[in-house]
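Given these sequences and hints, build the entire structure.
The listed protein sequences correspond, in order, to chains A and B.
Going by our numbering, the first sequence opens with residue 973, and the numbers climb by one from there.
Going by our numbering, the second sequence opens with residue 464, and the numbers climb by one from there.
Source of the hints: derived by calculation from the structure; they are not laboratory data.
Please note that a few of the clues may not be correct.
[What the hints assert, rightly or not] Reference excerpt, derived from the structure (chain B facing chain A, CB under 10 Å, subset only): (1) L521; (2) L522; (3) A560; (4) L561; (5) K563; (6) E564; (7) D568; (8) T573; (9) M605; (10) L609; (11) P615; (12) T660; (13) Q663; (14) D676; (15) R720; (16) L722.
[Claimed, not checked] Heads up, simulated DSS-like pairs for lysine-lysine below, C-alpha to C-alpha not over 25 Å straight-line: (17) A:K996 with B:K608; (18) A:K1014 with B:K711; (19) A:K1187 with B:K555; (20) B:K566 with A:K1019; (21) A:K996 with B:K711; (22) B:K698 with A:K996; (23) A:K1014 with B:K555; (24) A:K1014 with A:K1187; (25) A:K1065 with A:K1103; (26) A:K996 with B:K636.
Model, not experiment: these values are computed from the prediction.
C-beta atoms are modelled at their ideal positions from N, C-alpha and C, and glycine is treated no differently.
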Amino acid sequence: MKKIFVGIFVAVVSTFVACDDDLKYDMDTVYDYETNFEFLWKEFDQKYSMFGYKKDSIKDWNAVHDEYLTYVRNCKNEVELFDVLAAMLNELKDGHVNLLSSFDISSYDFEDDYPSDIDYGILSNDRYLGKNSRRSAGFKYKTLREGKVGYIRYADFNEDFTSSQLDFILTSFENTDGLIIDVRSNYGGTLINVDEFVSHFVDDPYIAYHTIYKKGVGHSDFSSPVSNTIYPANNGVIYRKPVYVLVDRGCFSATNCFAFSIKGLPRVTLLGGKTGGGAGAPMVTELPNGWTARFSGTIILDKDKQIAEFGVDPDIELHLDKDLAYTQGLDNIIETACDYIEGVVK
Amino acid sequence: MERIVCVLSFCLVFLTTVFAEDTPDSLSVKNDIGLSKNFSFGLGFGRENHHVSYLSPLLYSGTPVEIWAERINRKSKGDNDFYSLTNLRLHKCSLSALNKENKMDASYITFEYHYFYDWKLAPNFHMLCGAYSGGEFGGDMMTSKLWVGNNPNYLRAEVDLLGLSFRPTLCVKTKRRVIKISNQFDLRLAGLSYTPTYTQLYLDGNDMSEYIDFNSFSEKIRFANKFTVDLPLRKTTLRLGMLVERSKSNINMIDNRTLNVQALVGFSFDYLTKSGRLNKNSQLKTIFE
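Right under this line is the structure:
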C-alpha cells in the first residue's frame, strides 16, 4: 500500500513541477521584433479562416512570411515594425483584420476604388431625416412622399433594439405603400441584431445563413456548417409590403450578413452598390509586446452556403448621382426606391 | 518559488500521514454522538498563473483573492464512519502578462461535494478516502488600453462528474487541546465542459451541443492539494492552510492552464448536530471523536 501511495505522490509532484515554459517570454523576447513577427504570422496561419477561400486572390502566406521577414529585420523602431506588420496583414485584403497598438490602428480599406453612395449632408435635409424624423434605439425614421413611403435609417448594427421598438416603428408605417431600409455605410455589429431585424419581414422560418469555424490549425480544418434559422417575430409586427433595402460598399460584416439574409425574401429588393463583404466573424489575439490583432475566425455562408466575403450584389445596381445631390440636394437612390414603391418606375 | 513551497508542504504532510503509526495514547474519546459537523470559512490569497489560448497566447499572472466556506458532516453506520464535505469558493483575480499592456480578470464560483469513508489507520489518524463531484462557473474577461473589438471574453462552465478525493487527517493532542492537521488531495477523473471550439464565437451559438464537451482525465488534468491546520484558541479555532491547485486542459483546441497557490486563513467550528449547539462538551474535541 505504501508503494502505491509513494507512486501517486511522485506522479503528483512531477505534475506540479511541470511548468508552462512554452508560454513564457522574458523582457528581451517580448519586445523582440522578429519574435513578434513570427508569433503574429503563426497565429494568422493557424487561426485565420479565409485562406482557403482567398487562395487565388491573395499571396501565398508562406511567401508573405519570407518577404516580410526581410523587412522586419531592417526595422529600426517600433513604428516601422508596426507599419511592416500592418502591411503584411493587409495582404489578406480583409476589413476584419486590424493591428492595434497604443499609437495606431491599421485596417484594410475595402471601400477603396468604389464610389461613395451616401451623402450625410443630404440625408439630414428636411426632405429626408431633417425635421419631423423620430428616433428609437439606433433607428431614425419618418414617412416620405406625403406618408406613402416609410423610411428607416439604421447606421450601426452595434445599436441594440427591442422587438417592441421595431413593432412601434412598423406599426406607424401601416398606411404606407412600402418601406425603405437604409443601411448604407453601416459597418456592421452584432448578428443578433441582424436576426431580430430580419424577423419582422419573414412569413415563415427559414435558414438565413450558416457558420463554419476552424477546428484545427490547417487552412482547411473547418467544422460542418451550423445553420441559423430566422423565425417570424414572435407576436411582433410583420411588414408585408414592398421593402427596398439600400446598400453600398460601406455595408460590411453584420450588415453584409443582413444583406444576404434579407435578399431574396418575397417583397424585398436590394438597391444600390455591391456591399463591402466581411463574411467572417472577428476574433482577437495578442502579441508578446501587447499589441493586439483582429482577424476573421469563422466563415459565415449565405443561405445557399456560398461565401460573401467580397460582397453581395444588389438586385438593382444604382450609385449616388453626385451632380443631382450637389445641385438639387436629392439622394437619387432614396428617390428611386420611392418611385418603385409608388409605382412610378417598374 | 511557489512550486517549491507547495511541493515541500505537500511532501511534509503526505509523508507524515502515510507513515503515521498507532500510539497507545489514543486521542479517541468514546461518546454517543452519532452525528457531528464542522463548519469553516475564511479568505485565501496568493499567486495565480493563468493561460487561455482563446484570449491570448501569453501566460498571465496575478494575485487572487478568494472567499471560501467548507462544511463537513459525519455519519456513522455501525463501526464505520462516513463524511460528506461541501466546499464553496468565490474566486477573483486580476492578471497581466509580462508586457503589462492588457489585463485579464478571472472570476468564478466553485462548488464541490465530497463523500469519504474513514479508513482509521490509527486512532489519531483518519485516512478519508472517497470521491467528489462539483462544478466551476465563471469567466475570463480581457480588458485593454487598446481597442480589442469583438469577443474578448471566455466563459467557463465545467462540471466535474467524478473525481478521487483523499483527506488524511492527523489529530495531535497537546496539553488541553487537539490540533487537527489535514491534507486534502483531489484528482479529477471526468467531467463536462462548456467551451467554444478554437475560433468559434459565443454569438453563433444556435447549436449548443457544439459547446458541450465530455472530457476525461487525459483531456483535462486537474488536481488540488489543500493543507490545513486547525489551531484551537480559547473560544474558537483558527484555520491556517495552503491551497495549491493545478489544471491543464486542451479541449476543443483551446489550451487552458491554471496554477493557483494560496494561503488560507479562517475559522473552524465543530457542532453537535443533534442539539445544534457549538461544541462546548470538553470531550468532543473534533468531529473525528
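Each hint, compared with the structure:
For L521 (chain B), the shortest C-beta to C-beta distance to chain A is roughly 6 Å, which falls under 10 Å, so the interface hint holds. Taking 10 Å as the C-beta cut-off, the interface hint given for L522 (chain B) holds, the closest approach to chain A being about 4 Å. Hint status for A560 (chain B): holds, given a least beta-carbon distance of 7 Å to chain A, under 10 Å. Interface hint status for L561 (chain B): upheld, as the beta-carbon distance to the closest one in chain A is roughly 5 Å, under 10 Å.
Because the smallest distance between the Cβ of K563 (chain B) and any Cβ of chain A comes to about 7 Å, under 10 Å, the interface hint for this residue holds. Taking 10 Å as the C-beta cut-off, the interface hint given for E564 (chain B) holds, the closest approach to chain A being about 3 Å. Hint on D568 (chain B) is violated. Least Cβ distance to chain A is approximately 15 Å, over the 10 Å limit. With a least beta-carbon distance of about 20 Å to chain A, the hint placing T573 (chain B) at the interface is violated under the 10 Å criterion.
Hint status for M605 (chain B): holds, given a least beta-carbon distance of 7 Å to chain A, under 10 Å. For L609 (chain B), the shortest C-beta to C-beta distance to chain A is roughly 4 Å, which falls under 10 Å, so the interface hint holds. The criterion of a C-beta within 10 Å of any C-beta in chain A is met by P615 (chain B), whose closest approach is roughly 6 Å, and the hint holds. The criterion of a C-beta within 10 Å of any C-beta in chain A is met by T660 (chain B), whose closest approach is roughly 6 Å, and the hint holds.
Against a cut-off of 10 Å between C-beta atoms, the interface hint on Q663 (chain B) holds, since the closest Cβ of chain A lies about 4 Å away. Annotation: D676 (chain B) was flagged as interfacial toward chain A, and the flag is violated, the nearest CB pair being 12 Å apart, outside 10 Å. About 6 Å separates the beta-carbon of R720 (chain B) from the nearest beta-carbon of chain A, less than 10 Å, and the hint is met. A least Cβ separation of about 7 Å between L722 (chain B) and chain A falls short of the 10 Å threshold, and the interface hint therefore holds.
Straight-line distance between C-alpha atoms of K996 (chain A) and K608 (chain B) comes to about 22 Å, which keeps the hinted pair within the 25 Å bound. The straight-line distance between the Cα atoms of K1014 (chain A) and K711 (chain B) is roughly 23 Å, inside the 25 Å bound, and the hint therefore holds. For the proposed pair K1187 (chain A) and K555 (chain B), the alpha carbon gap of about 31 Å is over 25 Å, so the pair is violated. A hinted pair counts as satisfied when its Cα atoms are at most 25 Å apart, and K566 (chain B) with K1019 (chain A) qualifies at roughly 22 Å.
With a CA separation close to 16 Å, the supplied pair K996 (chain A) and K711 (chain B) stays within the 25 Å bound. Between the alpha carbons of K698 (chain B) and K996 (chain A) the distance comes to roughly 48 Å, so the proposed pair goes past 25 Å and is violated. Distance check on the hinted pair: K1014 (chain A) and K555 (chain B) sit about 32 Å apart at the alpha-carbon level, beyond 25 Å; violated. Our distance criterion of 25 Å between C-alpha atoms is met by K1014 (chain A) and K1187 (chain A), whose separation comes to about 16 Å.
A distance of roughly 40 Å separates the Cα atoms of K1065 (chain A) and K1103 (chain A); the hinted pair therefore is violated under the 25 Å criterion. This hinted pair does not check out: K996 (chain A) and K636 (chain B) have alpha carbons roughly 46 Å apart, beyond 25 Å.
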